[in-house]
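Could you put the whole structure together from the sequences, leaning on the hints where they help?
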Amino acid sequence: MTPLTAQLADAFGLSVSHIEEMMAIAFPKKVRRGEFLLREGEVCTHVGLVVTGALRTFYINEEGEDISFLFHFNHRLEHLAFIDYESVLLGTPTKLNIQATKNSLVYLIHKDDLAALYQKNEFWQKFEKHMADRVYLSAKRRVEDLLYYSPERRYLQLLTDNPLVFQKFPQKHIASYLGITPQSLSRIRKRITINYL
1 MTPLTAQLAD AFGLSVSHIE EMMAIAFPKK VRRGEFLLRE GEVCTHVGLV VTGALRTFYI
61 NEEGEDISFL FHFNHRLEHL AFIDYESVLL GTPTKLNIQA TKNSLVYLIH KDDLAALYQK
121 NEFWQKFEKH MADRVYLSAK RRVEDLLYYS PERRYLQLLT DNPLVFQKFP QKHIASYLGI
181 TPQSLSRIRK RITINYL
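Read in order, the letters of the sequence shown correspond to residues 1 to 197 in the working numbering.
The reader is advised that the hints may include incorrect statements.
Claimed, not checked - As a list, the in silico SDA-like pairs of lysine to any residue whose alpha-carbon atoms are at most 20 Å apart: (1) Lys29 / Lys140; (2) Lys126 / Ser138; (3) Lys172 / Arg154; (4) Lys111 / Thr57; (5) Lys140 / Gln183; (6) Lys95 / His173; (7) Lys140 / Gln157; (8) Lys120 / Ala26; (9) Lys190 / Lys140; (10) Lys129 / Gly91; (11) Lys129 / Thr2; (12) Lys29 / Val51; (13) Lys129 / Ala115; (14) Lys95 / Ala81; (15) Lys172 / Glu35; (16) Lys129 / Asp10.
Unchecked claim - Derived DEER-like restraints, expressed as beta-carbon distance ranges: (17) Gln183 / Asp10: 26 to 32 Å; (18) Ile192 / His110: 41 to 47 Å; (19) Ser184 / Lys102: 23 to 29 Å; (20) Phe36 / Asp145: 23 to 29 Å; (21) Arg134 / Ile25: 16 to 22 Å; (22) Arg187 / Ser138: 33 to 39 Å.
Read the hints as simulated data drawn from the structure, not as lab findings.
Beta carbons are placed, not taken as given, at the ideal position from N, Cα and C, and that holds for glycine.
Written out as structure tokens, the structure reads:
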């Protein structure tokens, strides 16, 4: 068993044999910093897993602003996998971009190979539903965070849940993820630091 297999088994909550079955249909790809794995207007055809490095999913809004949507790095499942689920599911052009922010190693699985795996037996069919549920709940939480909570609470939640984000991504990307400007993020950090002194 390789360290990667053990790590993925832990992240996905699967047995080593199931991870080996999944990785048999995956192929590695080295991605240089700044390189895109998916661009707006393309159809997403692969699911990706980050082994080393870091990637960011973002979109460009109507004002031409770069808005971070998700961060990907080798940590928990929420960050490990990257995909535009809607584009894969419907075969429609994506509105998202997925770009390496550091030199990275990823594994890619083509959607047709993954679909075939999901049809193999009842275990993989249940796993597919489980993953779809996680995608839905993750998206729901992301929307609720932006709608219901203050920027300061969103910042504290991110700091509590995913402190590694602050080590791996620049402040401007974190600010856009939180729905605020870099200047607002600086003020929040300063205010929180003062309050905790």
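Hint by hint, here is what the structure shows:
The straight-line distance between the Cα atoms of Lys29 and Lys140 is roughly 30 Å, outside the 20 Å bound, and the hint therefore fails. For the given pair, Lys126 sits about 18 Å from Ser138 by alpha-carbon distance, which is consistent with the 20 Å threshold. For the given pair, Lys172 sits about 15 Å from Arg154 by alpha-carbon distance, which is consistent with the 20 Å threshold. Using a Cα cut-off of 20 Å, the hinted pair Lys111 and Thr57 holds, with the two alpha carbons roughly 19 Å apart.
Annotation: proposed proximity of Lys140 to Gln183 is violated, straight-line Cα distance about 27 Å (limit 20 Å). Only pairs whose Cα atoms come within 20 Å are accepted, and Lys95 paired with His173 is accepted, the gap being roughly 18 Å. Under the criterion of a C-alpha separation no larger than 20 Å, the hint pairing Lys140 with Gln157 is consistent with the structure, at around 15 Å. Proposed proximity of Lys120 and Ala26 is supported: the alpha carbons are some 16 Å apart, at most 20 Å.
Taking the CA atoms of Lys190 and Lys140, the gap is about 30 Å. The hint is violated against a cut of 20 Å. Restraint check for Lys129 and Gly91: satisfied, since their Cα atoms lie roughly 19 Å apart, inside the 20 Å limit. At most 20 Å may separate the alpha-carbon atoms for a hinted pair to count; Lys129 and Thr2 exceed this at roughly 27 Å. The hinted pair formed by Lys29 and Val51 meets the criterion: a straight-line CA distance of about 10 Å does not exceed 20 Å.
Taking the CA atoms of Lys129 and Ala115, the gap is near 12 Å; set against the 20 Å cutoff, the hint holds. A hinted pair counts as satisfied when its Cα atoms are at most 20 Å apart, and Lys95 with Ala81 qualifies at roughly 18 Å. Between Lys172 and Glu35, the direct Cα distance comes to roughly 19 Å. Compliance with the 20 Å bound is thereby established for this hinted pair. Between Lys129 and Asp10, the direct Cα distance comes to roughly 19 Å. Compliance with the 20 Å bound is thereby established for this hinted pair.
The supplied range of 26 to 32 Å is broken by Gln183 and Asp10, whose beta-carbon atoms lie about 39 Å from each other. At about 44 Å, the CB distance of Ile192 to His110 agrees with the hint of 41 to 47 Å. For Ser184 paired with Lys102, a C-beta distance near 26 Å keeps the hint of 23 to 29 Å intact. Distance hint check for Phe36 and Asp145: the Cβ-Cβ separation is about 26 Å, which falls inside the suggested range of 23 to 29 Å.
Between Arg134 and Ile25 the Cβ separation comes to about 20 Å, which falls inside the hinted range of 16 to 22 Å. At about 28 Å, the beta-carbon gap between Arg187 and Ser138 misses the expected band of 33 to 39 Å.
Comparing the model with each earlier hint shows violations of hints 1, 5, 9, 11, 17 and 22; every other hint is respected.
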